[in-house]
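J.: Here the protein sequences come in this chain order: A and B.
Under the numbering used here, think of the first position of the first sequence as 541, with each following residue one higher.
Under the numbering used here, think of the first position of the second sequence as 3, with each following residue one higher.
The set of hints was computed from the structure by calculation and includes no laboratory data.
Here a beta-carbon is modelled for each residue, glycine too, at the ideal position from N, C-alpha and C.
A portion of the hints provided could be inaccurate.
Said to hold, decoys possible - Computed list of lysine-lysine pairs in DSBU-like fashion (alpha-carbon distance at most 35 Å, straight line):
no.	chain 1	residue 1	chain 2	residue 2
1	A	K1056	B	K188
2	B	K9	A	K1060
3	B	K94	A	K1056
4	A	K1056	B	K189
5	A	K1056	B	K53
6	A	K1058	B	K60
7	B	K71	A	K1056
8	A	K1008	B	K43
What the hints assert, rightly or not - What the simulated footprint calls covered on chain B by chain A, stretch by stretch (three residues with Cβ under 8 Å from a Cβ of chain A suffice, anywhere in the stretch; the number is not a length):
no.	segment
9	7–18
10	88–102
11	105–112
12	118–127
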Amino acid sequence: MSTSFFYMSREKSNANHNIVDEIIRFTDIHNSQAYIIDRPLGDNKYTYDYSEAFVLLMPKFKIMFFNFSGYADKDFEAFRDDFLEDLGSIADKYRYRDIIGRPRSWADLIATVDIDPTDFNLEAILAENKIVGDGKQKVCELLISLLTGSINDIDKVKSSIPDNLLDKVKQKILLFDGDQTRFVYQKNNKKIIRIQGLSGTGKTELLLHKLKELYINSESDSIFFTCHNKILADNLKKRIPEFFNFMKVEQQIEWDERLWCTNAWGSGGVKNSGAYAFICAHYGLTFHSFGAMNFDHACRFALKQLNELNNVSPISPIFDYMLVDESQDFPQSFFDLCEKVTKETVYIAGDIFQSIFATEIISNITPDFLLSKCYRTDPRTLMFAHSLGMGLFEQQKLQWLEDDEWRACGYLVEKSAGDSLYRLKREPLRRFEDLANEDIKSTVLVLTNEVQGQDTESRILESINTIKANNPTVLAEDIGIIFLDNKNSSFQMADRLERSIPQHFGWTVNKAYETKKKIKDRLFISHRNHVKGLEFPFVICVASRISSAYGIRNSLYMMITRSFLQTYLIMPSEYNQQLYDQISTGLEIINARNCIEVQAPSQEEIVKIRTTITHSKADISFYDFVYQIFDELEIYPLFRPDLYETVKRTVGEKFARDNVREVIEFNYKIMLREQAQ
Amino acid sequence: MKRIEFKLEDVDVQWIFSPLRNKPDIIRFLMRIIKLILISKPSFEEIQGDKAVLVVSKMSRIFFISPKKHFSICLPFKVKTSENNEVKLYSKCDTEMTSMLTSQVLSALESDTIMTSGNIWDFTAPIIEIYEATPDFWSVFRELLIFEDGYIRYDHDAENEAGDLHPLHHLDVCYSSSPAFKLGLKKPLTSASLIDALEPSTNCSYVTLNF
């Protein structure tokens, strides 16, 4: 079961568990998103006393208030009215009113469902509350985005329904999925929370949301946000105020007092220049400068010194929370150091696929949240990028994952021919649902041939021409040209394009490896080292010889997945004819059948190339957690509801297995004894 | 004296004749000019219209010629032409100036803080990062920081003409506001005269002072 389709902000209870299970089943079968909430997420000020109801949010369906009380109830009416009043004010806060109108204009998108939890028909309820018409559906999705805190830029969303594919995808309303929502809003007591996902799964965006949640939840908590790369840290530091403004955070950012955002190392003597520099300065540890040793050693020395200090007298943490992005760039010792100096939780986000192709083999990764859905890229583009990256269509495969690992990367695994033929599929994404009706190739392979006058420059210009012809509303900033090779010839080609693109199309270009930023109204040109975190509707990847080197394949995978509509892969026939023949057949199948069809490598080959990623199983609700223990202890069903309440009262909603078990066993004995009397 | 000309397209003229205000501007400009030289077809005959003229003698200079403006800066590189007439440029330390190297210089200058921060780390970090990948980078970058650019511009500027304070025809020597000064000219100056005036191997031009 996919955990990404469903989110519930409250616990399952005896009253609602039937309907909740039914909704989960529905989302799973129909690959559709659903949220069950009892208050608008994203702002703690909205709370209600009434607990016999919840609100079901599903794109394309009305906002449904489920009432479990079994009778027309004034308290329920009050809950619904208060909730809608708050929704109206949230819409106002984020300037949605211009697009969606006042609450009375979307009153017909709200429904009340009086439900008997033991006797209901979900399909019938949903059929009754289905919204017909793109315009109404859009308003409802905007309301869902407000209620789930997945705020969209209203200037981009616009009120009209676009008539072309490019603008449809650009203006699609983005909603957090279940996993993402849980990461942002779920409370936890763990010291380290790891979130892992492919590039494009929204890790950095989620960290920013988490940061906002942490920052506004307390007026005194101190938070350090860090990553390894200085440029990335500088970018993040610029993004935070923009993001806070966008999310209408009222508190001022108290830089270097409550909130820090720098790269991890920093420089000696400048306390606020890096996380490590700050820790060293605060505790009076020896600072080792960049170049003197590697970061792992520097962190180990710091930890050792901290432990020595701690032995003399216990040290107190300096931060309440730390957030670490791009965790694959760090040694474990840095996380240990972070944990040591943080009072509450260290949130660590990283990209599993970058680790897979790293030279060091990581045997075990156990994320708390595994984001398997890549929202940046059309699933077909992602499938092709994985296939090319891992050499799946080639004689000698470069990578092969175990079935669980394929699933961890968001694949549905089907096998046939004695398990030797794999069909790897990805679940469809809301963002790209409009693509299904269009005959658009997600990836286009283009060969160059100097001898026949089809040189790289002319092929690039041709590709831009095709994009322009097929997408009349395309802008310069919608296209990214990315060179695979970090060689002089690529730089020179970019210099040529800087001159020829304005001449042909009237667009100026931005060579991002020089400017180090994305510039509005300019066509983006860069090479493989400068594409992290970027996305474009169209990407033109330019390669020379595509070798089997992991670095090259990983870069290709990264480059190809920068597009959310279409990728052109341009390569010279001189070096790549054989590869072209192999991958074009695989690509045709991806385009036609929406799946990767691949012959599994032999056991011998697998042994050579296997890397293990394990991940902790998907999160379960506290209700399911306790009921699993009931099953283990074979508790009579009759006693379960009372026992469940007793556990909640005694332990709180903590996933502490031993404690919960002990409380159940103790109370169960008493209950049995009482029953016997 | 060797003379190589390059035709300028409209897209080039736009940025080439934009004002230069400081040394980083000059270095950026120079890098873009090198890129232009490396991707353009050189001509050893005289070109009509907007053009860049590379004059190689004891001291290499490059001139930019348009109907109303000509200007020139020193080119602190050795210029070599190959048998198939490709122009190649080398630094004093014999490092070949390539598209990649020029982009690396541009990226270093683009760093927000390299020229402004009070923290030495902000200056050294981007340089060390590039230096690690391209060890020749530092010697070239250092040369660029300390080279004397010898900026001089002929202007025919009717819009801003203001008697002897801003003569219709004048030479602007230097580009940043403190050292910059004008030399008024009684009549238009051709590009050939400007090139000749700055050529060390030909006779000097005289300035007649009116006081």
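J.: Are the hints correct? Go through all of them and say.
T.: Verification of the hints:
Taken as a hint, the K1056 (chain A) and K188 (chain B) pair is broken in the structure, with Cα atoms around 47 Å apart against an allowance of 35 Å. Straight-line distance between C-alpha atoms of K9 (chain B) and K1060 (chain A) comes to about 30 Å, which keeps the hinted pair within the 35 Å bound. Restraint check for K94 (chain B) and K1056 (chain A): the C-alpha separation of about 29 Å stays at or below 35 Å, so the hint holds. This hinted pair does not check out: K1056 (chain A) and K189 (chain B) have alpha carbons roughly 46 Å apart, beyond 35 Å.
For the hint linking K1056 (chain A) to K53 (chain B), the alpha-carbon distance of about 30 Å falls within 35 Å, and the restraint holds. A distance of roughly 42 Å separates the Cα atoms of K1058 (chain A) and K60 (chain B); the hinted pair therefore is violated under the 35 Å criterion. Simply put, K71 (chain B) and K1056 (chain A) have alpha-carbon atoms about 33 Å apart, close enough for the 35 Å limit, and the pair holds. Straight-line distance between C-alpha atoms of K1008 (chain A) and K43 (chain B) comes to about 30 Å, which keeps the hinted pair within the 35 Å bound.
Counting residues of the segment 7–18 of chain B whose beta carbon lies closer than 8 Å to any beta carbon of chain A gives 3, which reaches the threshold of three, so the coverage claim holds. With a cut-off of 8 Å between beta carbons, the segment 88–102 of chain B has 3 residues touching chain A; three or more are needed, and the interface restraint holds. Beta-carbon proximity to chain A at under 8 Å applies to 4 residues in the segment 105–112 of chain B; the threshold of 3 is reached and the given coverage holds. Note: the segment 118–127 of chain B has 3 residues with beta-carbon separation from chain A under 8 Å; the three-residue rule is met and the coverage holds.
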